[in-house]
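Asker: So you can see what is in the structure, the chains are spelled out below.
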Amino acid sequence: MRYLPHTKEDIETMLKVAGVSSIDDLFLSIPDDLKTKDGIDIPEGLSEWELDTHMEELASANIASKNYKYFIGAGSYDHYIPAIIPYLISRSEFMTAYTPYQPEVSQGTLQGIYEFQTMITQLLGMDVATASHYDCGTALAEAALIALKKNKKSNKIAVSALTHPSHRQIIQTYISPSGYEIVEIPYTKEGLTDINALKDMDDIAGIAIQSPNFFGNIEDLKTFKVVADEKKILFITSFTEALAYGLLKNPGSFGADLVAGEGQSLGISKSFGGPGLGLLAGTKKQMRNLPGRYIGKTKDANGKEGFVLTLATREQHIKREKASSNICSNNGLNAMVAAMYLATVGKIGIREIAQQNHDKAMYLKKTLEKAGFESVFDTPFFNEFILKAPAGFKQKRIGLIKNKYIFAGICLDPFYPELKGHYLFCATETVSKNDIDQLAKEVQ
Amino acid sequence: MIQQPGTSGLVLNEALLWDKSRDGRCAISLPKQDVDRATLDDSLTGDIPDLPQLSELDVVRHYTRLSQWNFGVDTGMYPLGSCTMKYNPKTNEVQAARKGFAEAHPLAGDEFSQGSLKLMYNLERYLAELTGFEAVTLQPAAGAHGELTGMLMMHAYFAKKGKQRSKIIIPDTAHGTNPASAALCGFEPINVKSGPDGILDPETIAAVMDEDTAGIMVTNPNTLGLFESNIKKIADIVHSKGGLVYGDGANMNAIMGIVKPGEIGIDVLHLNLHKTFSTPHGGGGPGSGPVAVGKRLEPFLPVPRVVKELDSYKFITDCPETIGKIHTFYGHFGIMVRAYAYILSMGAKGLLDTSRLAVLSANYIKESLKGTLNLPYDRPCMHECVFNDEIQQKNHITTVDMAKRLLDYGFHPPTIYFPLVVHGAFMVEPTESESKEDIDQFIDAVKAIAKEAKEDPEKLRKAPFLTKVTRLDEVTAARKPCLKG
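Listed in order, the protein sequences are those of chains A and B. According to my numbering, the stretch in the first sequence is residues 1 to 444, in order. According to my numbering, the stretch in the second sequence is residues 1 to 485, in order.
These are computed hints drawn from the structure, not numbers from a lab. Hints may be right or wrong, so weigh each one.
[Stated by the list, open to error] Derived lysine-lysine pairs resembling BS3-like cross-links, with alpha carbons at most 25 angstroms apart:
hint	chain 1	residue 1	chain 2	residue 2
1	B	Lys167	A	Lys322
2	B	Lys90	A	Lys149
3	A	Lys231	A	Lys152
[Unchecked claim] From chain B, some residues computed to sit far from chain A (all C-beta separations above 12 angstroms):
hint	residue
4	Ile2
5	Gln3
6	Gln53
7	Glu134
8	Thr149
9	Gly162
10	Ala206
11	Val307
12	Glu309
13	Leu310
14	Glu390
15	Ile391
16	Glu432
17	Lys436
18	Lys454
[To be verified] Just a few of them, taken from the derived set where beta-carbon distance is under 10 angstroms, the chain A residues facing chain B:
hint	residue
19	Leu26
20	Pro275
21	Met287
Think of the CB as a built atom: it goes at the ideal place given N, C-alpha and C, for glycine as much as any other residue.
Looking at chain A on its own, in the form it has when it is part of the complex (with noise of 0.2 angstroms):
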């Protein structure tokens, strides 16, 4: 095998060394009855090349190996990618290295990853980034349990009933065993979260909003930070697509004290839905708090400025059972590829790129709805709407996709049980007007 680099002589000379007469000899610490009797039943090794073939025609299962059109997002969004993402995150040393443990010889993960944060804080307004985290539900989760753990008093968050449906089942997963609650805030019939349904909630120990929510409707965050500091409590935001920043007033204008973001949409492959990007902000005075990694500024001994993983107290390996979470891995190499990404679009292409999400958005609105489609909210959205589809649209959408590769919204049944026939569509940067106008043409 290509990969074992062991010729005979040197398995001879190494167990000559190792004082033993044969590779067996060194399983001898495990009992014979722990031993399997049956060996793998694991098909035998392939070639590169038959490997290539096997991986193609299971790739090729999957429609994404065509020529699609996505009109779909719901926390996976389609993106153009620029090449030189691709070409510099394959660099083996960002790929193969381990977390910066050693930073005298880490130096390029630390820097990348102290320029990630900052952007990060640059495009939330926020004062502290973490390191990243494994995507966007999980960030929320943690989030929810830093404000039910500093709450004493009340063992119930509240989370808007327009968060991703999955964060929401993240959530109750990750609370639930320590006999924590989440509680619901209802949507109004604009299709945004019920804010005087909220300011009734009594016993609350933060709240949770989504915005742009899982409508892709853009929430007032302002009035949710008035009724959290009534209440005393910690004021939690998250978003599904991070490019909506590059053009709405971002989180921490609002006063949000935790921000937790998908960063998938930063340069990062939809790939079946991971590994994205997990994005966790803070307010300074929530630095402690947040758990993952950081990276900070120091100098070497001779004065040499540097980077270091830093407030390594909060974390698992050293505060074990006491840790603020217990979060080791997280999903370092996209957080490279979003700095990447970050670093490539500047100001001037975050700005026009989100943009052109919110034109192309608009006009597959209008352009669905004169196709007899009904417009269910007249809200400010971004890049994504819910429309309600005309009757025999659910069997023509399969269609589309069979025979035309174009995924034509999400179906929102499942998630939704009230919203019978209605679905989500995307528009994003990829879709050319030519292609909303097909679309159009096809589903009449």
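Fit chain B to the known structure of chain A by using the hints.
Answerer: Only chain B this time, still in chain A's reference frame:
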């Protein structure tokens, strides 16, 4: 002495991104605007994030220079104990980048995602076969996330039995994430000491195991690189009190094809695809931490689960006892593709050989360096061996000094000061990927450093000399945190 890989060469300085920024530059060709501009209300739009403005070459040089300041497995030997820094095959990257995988939308629908589903199904089957369990979830995003998933399932199991338990036994040879993962589920860790031979004594467990204890978290082989020979007896003790045995499979690289944890009394086990199954560590992630379980815990697995019906595959969510979701979609699919490609490339024999050679190389290092470094537990090891600095302490040289000096010789240091049970630990895991010549260079380098420790200890205390920066002031970094520029 063998010529060592470490040398000095030209390394270029590189400013922070924003110091290179000039107004008006942009490294992307913006897509054409072919629809009308739609304005959002001013009350909703914010200032443009103050991102750097660079040309494409600026960005390319920036990250190329940064990468050159890093040391990776592709650069040289990376013998970090308990981290399994094996070679990350390049074909795995090619497979994960295939359009049909990389551009697959998670909500495209089962019918249009058959390739992804089949891959996940097959990978689950292979991992179940390797570990001797009934079922596997691929959803956890990392090893610690897998531990949390396992603990959540144990918690759900006791909830269903009608009586929750409050404690969990964790040996001193466990990974640091173990107690933190257990605590998230409300289990209070009961720390137990391993015996004088470095492994757990069943009587120690019998003394603390009771009907309020959920079970035990065991890393096997443990973090001393030793096989817990009494595991079956320990499992019997835990089971007799109605408890469950959690296996931390981070060290699975030692026992593939030799021991199936599901056959020796373990009830639930997590694997690290980024250790045993060759996916890159990426400077800290993303990893993937699948969890394997037996029949008893299967109903509690996270949803969705992949099932096969006739010749097609689908996700199911209708599992009434599931712990729920732990990832927004299905976990780190891109990592699964790489691990799957690895298993297929190795085949059954390749995987067995991997463990046998990983163990051979570790024992070769152990015997070669015994005497140069102190070996607190002198017995045959599995895939890693743990030394310490007891001999060098006489010259006031500590593990960290030797580790830093190893950088000058061109090696990434081993894991240091872990496991906690060994004072000044120096934990070496060569993996099966390193050739005998590279291992010999490493052994030679450690011997040379031990000699320097006697003859020129001051030099070691100031090492490293050839790296871009030398020892960094971590105390000030933590006291006055500067986390952004």
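Asker: Is the straight-line distance between the alpha-carbon of lysine 90(B) and that of lysine 149(A) 25 angstroms or less?
Answerer: 44 angstroms, violated
Asker: For alanine 206(B), is the shortest beta carbon distance to chain A beyond 12 angstroms?
Answerer: Nearest chain A Cβ is 19 angstroms from alanine 206(B), so the label holds.
Asker: Closest CB-CB distance from lysine 436(B) to chain A, is it above 12 angstroms?
Answerer: Incorrect as stated: the minimum Cβ-Cβ distance to chain A is 4 angstroms, not above 12 angstroms.
Asker: Is the nearest Cβ of chain A still more than 12 angstroms from the Cβ of glutamate 309(B)?
Answerer: 16 angstroms, holds
Asker: Just double-check lysine 454(B) for me: nearest Cβ-Cβ distance to chain A has to come out over 12 angstroms.
Answerer: Holds: least Cβ distance 23 angstroms, greater than 12 angstroms.
Asker: Regarding the assertion that valine 307(B) does not contact chain A, is the least Cβ-Cβ distance greater than 12 angstroms?
Answerer: Per Cβ check, valine 307(B) is outside 12 angstroms of chain A; nearest 17 angstroms; holds.
Asker: Hint check: is the beta carbon of proline 275(A) less than 10 angstroms from a beta carbon of chain B?
Answerer: 4 angstroms, holds
Asker: Minimum C-beta separation from leucine 310(B) to chain A exceeding 12 angstroms: can you confirm that?
Answerer: About 15 angstroms separates leucine 310(B) from the closest Cβ of chain A, which puts it past 12 angstroms; holds.
Asker: Would glutamate 134(B) pass as off the interface with chain A, using Cβ distances and a cut of 12 angstroms?
Answerer: Check passes; 14 angstroms lies beyond 12 angstroms.
Asker: A cut-off of 12 angstroms on Cβ-Cβ distance, and isoleucine 2(B) was said to be off the interface with chain A. Does that hold?
Answerer: Holds, since 15 angstroms exceeds 12 angstroms.
Asker: So is threonine 149(B) really clear of chain A, every C-beta pair being over 12 angstroms apart?
Answerer: 9 angstroms, violated
Asker: So is glutamine 53(B) really clear of chain A, every C-beta pair being over 12 angstroms apart?
Answerer: 5 angstroms, violated
When held up to the earlier numbered hints, the structure conflicts with 2, 6, 8, 16 and 17 and fits the remainder.
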